[in-house]
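Protein chains: 2
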Amino acid sequence: MKLLEERILQDGRILPGNILKVDSFLNHQIDPDLFMAMGQDFYDHFKDKEITKILTLEVSGIGIAFAAATYFKVPVLFAKKSLSLTLTEDVYASKVTSYTKKKTFDIRVQKNFLSDQDKVLIIDDFLAMGEALGGLIDLCQQANAQVQGIGIAIEKSFQPGGNKYRELGYDVYSQAMIEKLEDGKVTFVKQ
Amino acid sequence: MKLLEERILQDGRILPGNILKVDSFLNHQIDPDLFMAMGQDFYDHFKDKEITKILTLEVSGIGIAFAAATYFKVPVLFAKKSLSLTLTEDVYASKVTSYTKKKTFDIRVQKNFLSDQDKVLIIDDFLAMGEALGGLIDLCQQANAQVQGIGIAIEKSFQPGGNKYRELGYDVYSQAMIEKLEDGKVTFVKQ
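Those sequence lines, one after another, are chains A and B. For the first sequence, counting from 1, position 148 maps to 148 in UniProt numbering; every step adds exactly one. For the second sequence, counting from 1, position 158 maps to 158 in UniProt numbering; every step adds exactly one.
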C-alpha cells in the first residue's frame, strides 16, 4: 500500500539494532486519516470473505482493526494480555513470546465472543517472527472459528513469520513489506 | 447519550460487587457503529474547542479516542502503561492507581508528541475515582499543553472523580452517567 510505505519513509526512524520506529503515526500516536485509508484497503482485499469478526491483540492492533471494522461493519474483538478482575469467565488462552519486549505472556479472549459460526479476519500492526499471529490463530482454532484472512500493516519480510503462515495456506496480506532495514534505510519488497 | 445508555441497559451486566461489565461492546469486543456514533457525539460537544490532539490511555480508551479523532481530524496519542524497548526517549510520566486491577502503574508519553502548542481533548472509557484522568491531566501539565475538555464514555457518578474535576473547572462530558448500580440494575442520572 503506497500510502503506508510513503509514510514509513517520511516519518519512520530506525534505531540502533535496526529497530523500525513508527511511533509518530502508528503505535504511540495514531493518524486517523491514515488508519481509515488502511482500513479501507483491508476491506478492498478481504471484502468477499464474508467476515463476521475482526480479531486483534492489544495494544497496537486495536486502532487499525477498528478502522477496518468500520468498513466491514462487524465487531472487533481484541485479545487481552493481562488478567483483570472483569475477565473472570471462561476464556480461550494461548501463549505468545514478544521478542521486542523479551517476555512471554498469555493472551485471552472470552469464549462467548468467538464461536464456530465466526469467519475471522485477524489484523495486527506488525508481523515479524509470527509469534502473536500464531497465538491469535490458536485462539480461533480453539473456538473452531474459521480464519478467513490475515491483514498486517507492516511485515518484516526478512523474518520468517509471513512466509510461514502463507505456506500453511493462509491469505496473509501485508500493506507494507520490508525487505531490509540497513544503515538507517528502509527498503520495501517490490509488489 | 441515549444510544449508549440503551446499549448499557441491553448488553451490560452487573457482576457481584456491583461491577458493571460492558465487554460485549466496549472494552473487549467493540461495536464500530456505536463507537463512531460516540465519536460524533464527542465532536458535537467539543468541536469549538480548537482541539489539536486527543489523549487517551491504553487499552480501552484507544477505540473511542480513535473514533472521535476521525471527526476532529487530529492525531490520537495514547499513554503507555508499560516500558518497551521502542519507548526509549524522553518521556512525561505519571503514576496511576487502578482500583479494578488493584495496582499502581506508570503512564508515559514521549515528550515530542505533546507540547505547549497543543489543545488537548482527553478521552477515556470509564471515569470513577478519577485516577487515570488525573494522570493524563498531569502529563498535559508537564508539557504545558492546554486541556480543553474531557470526554468520558461511562461515568460512575456515585464515585468522586467526575465532580472533582468539574469543580477544578474542567469541561467533563460523560456520555452515560450512572447514578447507581444496585441489585443488578443500572440507574442513570437524569440529564
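Please keep in mind that the hints were generated in silico from the structure rather than gathered at the bench. Glycine included, every Cβ here is placed at the ideal spot set by N, Cα and C. Among these hints, one or two may not hold up.
Stated by the list, open to error - Covered by chain A, according to a simulated footprint, are these stretches of chain B (three or more residues, beta-carbon under 8 Å): (1) 33–43; (2) 55–65.
Said to hold, decoys possible - The calculated SDA-like cross-link candidates involving lysine to any residue, where the alpha carbons are at most 20 Å apart (straight line), are: (3) A:K73 / B:L34; (4) A:K111 / B:L15; (5) B:K73 / A:D11; (6) A:K103 / A:K73; (7) A:K111 / B:K103; (8) A:K2 / A:T187; (9) A:K81 / B:K73; (10) B:K81 / A:S98.
Hints and how they fare:
For the stretch 33–43 of chain B, the stated coverage by chain A holds: 3 residues have a C-beta nearer than 8 Å to a C-beta of that chain, and at least 3 were required. With 4 residues having a beta carbon nearer than 8 Å to a beta carbon of chain A, the stretch 55–65 of chain B meets the requirement of three or more and the stated coverage holds. Distance check on the hinted pair: K73 (chain A) and L34 (chain B) sit about 11 Å apart at the alpha-carbon level, within 20 Å; holds. Proximity of K111 (chain A) to L15 (chain B) is assessed by CA-CA distance (about 17 Å); at most 20 Å being required, the pair is judged to hold.
The suggested pairing of K73 (chain B) with D11 (chain A) holds, with an alpha-carbon distance near 18 Å, which does not exceed 20 Å. For the proposed pair K103 (chain A) and K73 (chain A), the alpha carbon gap of about 35 Å is over 20 Å, so the pair is violated. As the CA atoms of K111 (chain A) and K103 (chain B) are separated by approximately 26 Å, the hinted pair breaks the 20 Å bound. A C-alpha spacing of about 13 Å is found between K2 (chain A) and T187 (chain A), which places the hinted pair at or below 20 Å, so the restraint holds.
This hinted pair does not check out: K81 (chain A) and K73 (chain B) have alpha carbons roughly 30 Å apart, beyond 20 Å. About 16 Å separates the Cα atoms of K81 (chain B) and S98 (chain A), which keeps this hinted pair within 20 Å; it holds.
Checked against the numbered hints above, the structure violates hints 6, 7, 9; every other hint is satisfied.
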